[in-house]
Amino acid sequence: MSYSVKLEVFEGPLDLLLHLIKKSEINIYDIPIADITKQYLDYIDLIRSLNLDVGGEFLVMAATLIQIKSRMLLPVTETEDEEEEEDPREELISRLLEYKKYKDAAEMLGERGETWSNIFRREQPQDVKGEGDFSLSDLSLFDLIDALQKVMERVTDSSSMEIILDELSVKDKISAILDRLNIQESLTFTSLFENEKTRSTIVVTFLALLELIRLGLVCVQQLEDCGMIRIFKKIKSGGTDGGEGV
Amino acid sequence: MEEREFRSVIEVLLFVSQEPITLDRIIKITEIGDRGRILAAIKGIDEEYFINGHGLQIVEVAGGYQMVTRAEFAPWVKAAEKTAAPSRLSRSALEVLAVIAYKQPIVRSEIEAIRGVDSTGVIKTLLERRLIRIVGKKDIIGRPIMYGVTKGFLSAFGLKDLSELPSLKEFADIAGSGQTNWIEENNK
Amino acid sequence: MEEREFRSVIEVLLFVSQEPITLDRIIKITEIGDRGRILAAIKGIDEEYFINGHGLQIVEVAGGYQMVTRAEFAPWVKAAEKTAAPSRLSRSALEVLAVIAYKQPIVRSEIEAIRGVDSTGVIKTLLERRLIRIVGKKDIIGRPIMYGVTKGFLSAFGLKDLSELPSLKEFADIAGSGQTNWIEENNK
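Residue numbers (the numbering used here), protein chains in the order written: chain C, 1 to 246; chain H, 247 to 434; chain X, 435 to 622.
Derived by calculation from the structure, the hints in this document are not laboratory data. Treat the hints with caution; some may be incorrect.
As the list claims (entries may be wrong) - Below, simulated DSS-like cross-link-like pairs (lysine-lysine); rule was C-alpha separation at most 27 Å, straight line:
no., chain 1, residue 1, chain 2, residue 2
1, C, K171, X, K571
2, X, K603, C, K150
3, H, K415, C, K101
4, X, K537, C, K171
5, C, K171, X, K462
6, X, K603, H, K370
7, C, K171, X, K594
8, C, K38, C, K69
9, X, K585, C, K233
10, H, K384, X, K537
11, H, K383, X, K558
12, C, K150, X, K477
13, X, K462, H, K324
14, X, K594, X, K571
15, C, K234, C, K171
16, H, K384, X, K585
17, H, K384, X, K603
18, X, K516, X, K537
19, H, K324, H, K415
20, H, K349, C, K101
21, C, K150, X, K558
To be verified - Selected chain X positions facing chain C (Cβ under 8 Å, derived; list incomplete):
no., residue
22, S451
23, P454
24, V493
25, V533
26, I548
To be verified - With the Cβ distance kept under 7 Å, some of the chain H side facing chain C (calculated, not the full set):
no., residue
27, S338
28, V345
29, K383
30, I387
31, P390
32, L414
Note that CB positions come from ideal geometry on N, CA and C, so glycine has one too.
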C-alpha cells in the first residue's frame, strides 16, 4: 500500500498529529485512533528510513497513542450514566486543542511580523566609542549575565572561576557579631554558624571572626583540647589577658 | 502656541526620538498638558503625510508614537542597506513567543508542556533578540526563571500593548486552518 | 517612476539615514541616473516642507544631503534631550556592572583583574548613572573603595533583591547544554 507522507519539519509530536488530522479531514473530537496511530508510526518509520533522528518526544507520543488505542479496544463497561465512562482520548484531545491555539497565534504573529519588518525607523546613531551599546530601558538580565559570561570567557581560559553571589559581606557579618556581643557577654563558636546554611555564608562568617581577632576587637578562648570555643568582646582597657589567643 | 507651530514641534519630537515617544513625555517637554490636543496634532501630521503622499507615517506602537517609513518603500530602504533586516523568526521561535506573549509570566516547563517539545534553544534565541526577557523567579520549588515579552516584541509586531493581541481563537474547525485577520488595522 | 513616488523614495532614504547621503548613493540605490531629477526631487521635498510649515528641512552638508530639524525648533530638541533618561550603556559598562552585581562588594583592582582592562572611567559612569554605589572601604592597604549595586540597579532589571539574580549555572541551563557556545541562530 502506498502512503504519501510529505516529509516536513514538524515542531513536535503535537504538530505532527495536527497535521495528520487535518490531512485526513477527521473530527478532532472523535479521532479514529487506530488510523491516526498507524499514520503516525508510518511517518516515524519514514523518518528513520531516511536515517534521520527521531526526537525522543516523538517516541513518547507513539507510546501514548498505542496505549490509548489498546484502551479503546477494551470492552466498555455499561453504566447508567452515558457520559460517565472517560474517553481515553480525552487528555490527548485537550492537549492538541491547547497547542493548536498557540500554533495559530504563532502563525498570526509571523504574518504581522512580516508586515512590520517593512516599516523602518530612523537609523540609530552610532555609539561614539564604537562599542555595541544598550538602551537602558530595554536592558535585561540576560544582557547582564551574558556580559559577565563574556568577560569570564575572555579572561579565564584557565581553570574556571566561580562567581558566588555574596549575600552577605564580611563587613556586615562583623557588625552582626559585634551586635550580638553587645547583648551577650560571650558567644560559642558553633552558635555563630547556627543560622548559616550555605557554604559561602559560613566562609564569610569565619572570615569575619578572623578579621575581628586581627583587629583586636574580640578574643577567643578554648579551655581544653577540642572543648568549646568561646568568643568574648575585648575590653578597651588593654591587657591581653582574655585567654589564649588563637 | 499656534496650532501649526505646535504640530511642527510634535513632528520634530517624533523625528528626533529614537524610541516611541509617549504622550507623557511630550507633555513633559512641551509643558502642554492637553492630551486631546497632542493626539489631534499627531493625527494631523499623519493625515497630512498621507494626503500629500509622503513616504513617512506616524504609528502607535509599544506604548508610544513613532515616525516610521511606509511599508511600500521597504524595497528602497533595504537597497540602501540601512537596516540589516533582522533574520526571520523560525516557526518554533514564533510558537514559543506566542505562548509567552499570551501566558506570561511563564516558566520553561510550562511552555514545553504546551508545545510538547524541548524549547531551551529557542528561548535563548528569543532572549538574544530581545523579544523576551527574564521577569523573575517563580515561587515554587527550584525557583525557576519566568519569562515575559519585551517592548521590542511590541515594536517588532506593531502592537500598542499586550491587550492588542487578538484573543486566542478557541478551536473552530481544524480543517480550515482558520486565520483571523488582524493585520489590517494599525496599518493604514 | 512617477514624480510624487520618486520624491517620496528620496524622502524615505533621507529619513532613515543618520548621515548625509550623496547623490551617487541615491543613484546607486534608485538606479535612476538623472542627477538633475534627483536634485529637483530633493529641492521639492525641502520646499514642500517649508511651504507647509513642517518642522523638518533638507540641508546640503558634507557633500551630501540630510534631513534635519529646523533651527527654530532647537529649544524643543534640547528639552527632549534633557528629559531623556540617560539611555545607553556601553558594553564595557555592562560588563563592569555584571561583575559588580555578582561579586559585590568589590574594589576596582579586583574588577580590573577580572576584566583585564582599566575600568576607572566606566565605574565613574555607573556611579553617575546611580547603578552602582560606594559601599565602604576595604580593610587592606590603601583602604580602596568598595562598590556595590544600587536599588536603581535592581529596579532597572526588575529584581526584588539580589537573590533574584539567576546564578551562572541557571544561566547556563537557559542557554542550553551548549553552555558557552553562543551560536547565533537556530533558525531552521
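Comparing the hints with the structure gives:
{"no.": "1", "hint": "K171(C) - K571(X)", "in the structure": "holds (10 Å)"}
{"no.": "2", "hint": "K603(X) - K150(C)", "in the structure": "holds (14 Å)"}
{"no.": "3", "hint": "K415(H) - K101(C)", "in the structure": "holds (6 Å)"}
{"no.": "4", "hint": "K537(X) - K171(C)", "in the structure": "holds (14 Å)"}
{"no.": "5", "hint": "K171(C) - K462(X)", "in the structure": "violated (65 Å)"}
{"no.": "6", "hint": "K603(X) - K370(H)", "in the structure": "holds (14 Å)"}
{"no.": "7", "hint": "K171(C) - K594(X)", "in the structure": "holds (23 Å)"}
{"no.": "8", "hint": "K38(C) - K69(C)", "in the structure": "holds (10 Å)"}
{"no.": "9", "hint": "K585(X) - K233(C)", "in the structure": "violated (34 Å)"}
{"no.": "10", "hint": "K384(H) - K537(X)", "in the structure": "holds (24 Å)"}
{"no.": "11", "hint": "K383(H) - K558(X)", "in the structure": "violated (31 Å)"}
{"no.": "12", "hint": "K150(C) - K477(X)", "in the structure": "violated (49 Å)"}
{"no.": "13", "hint": "K462(X) - K324(H)", "in the structure": "holds (13 Å)"}
{"no.": "14", "hint": "K594(X) - K571(X)", "in the structure": "holds (26 Å)"}
{"no.": "15", "hint": "K234(C) - K171(C)", "in the structure": "holds (18 Å)"}
{"no.": "16", "hint": "K384(H) - K585(X)", "in the structure": "holds (21 Å)"}
{"no.": "17", "hint": "K384(H) - K603(X)", "in the structure": "holds (17 Å)"}
{"no.": "18", "hint": "K516(X) - K537(X)", "in the structure": "violated (34 Å)"}
{"no.": "19", "hint": "K324(H) - K415(H)", "in the structure": "violated (35 Å)"}
{"no.": "20", "hint": "K349(H) - K101(C)", "in the structure": "holds (12 Å)"}
{"no.": "21", "hint": "K150(C) - K558(X)", "in the structure": "holds (22 Å)"}
{"no.": "22", "hint": "S451", "in the structure": "holds (6 Å)"}
{"no.": "23", "hint": "P454", "in the structure": "violated (12 Å)"}
{"no.": "24", "hint": "V493", "in the structure": "violated (16 Å)"}
{"no.": "25", "hint": "V533", "in the structure": "holds (6 Å)"}
{"no.": "26", "hint": "I548", "in the structure": "holds (6 Å)"}
{"no.": "27", "hint": "S338", "in the structure": "holds (5 Å)"}
{"no.": "28", "hint": "V345", "in the structure": "holds (5 Å)"}
{"no.": "29", "hint": "K383", "in the structure": "violated (11 Å)"}
{"no.": "30", "hint": "I387", "in the structure": "violated (16 Å)"}
{"no.": "31", "hint": "P390", "in the structure": "violated (14 Å)"}
{"no.": "32", "hint": "L414", "in the structure": "holds (5 Å)"}
Of the numbered hints listed earlier, those contradicted by the structure are 5, 9, 11, 12, 18, 19, 23, 24, 29, 30, 31.
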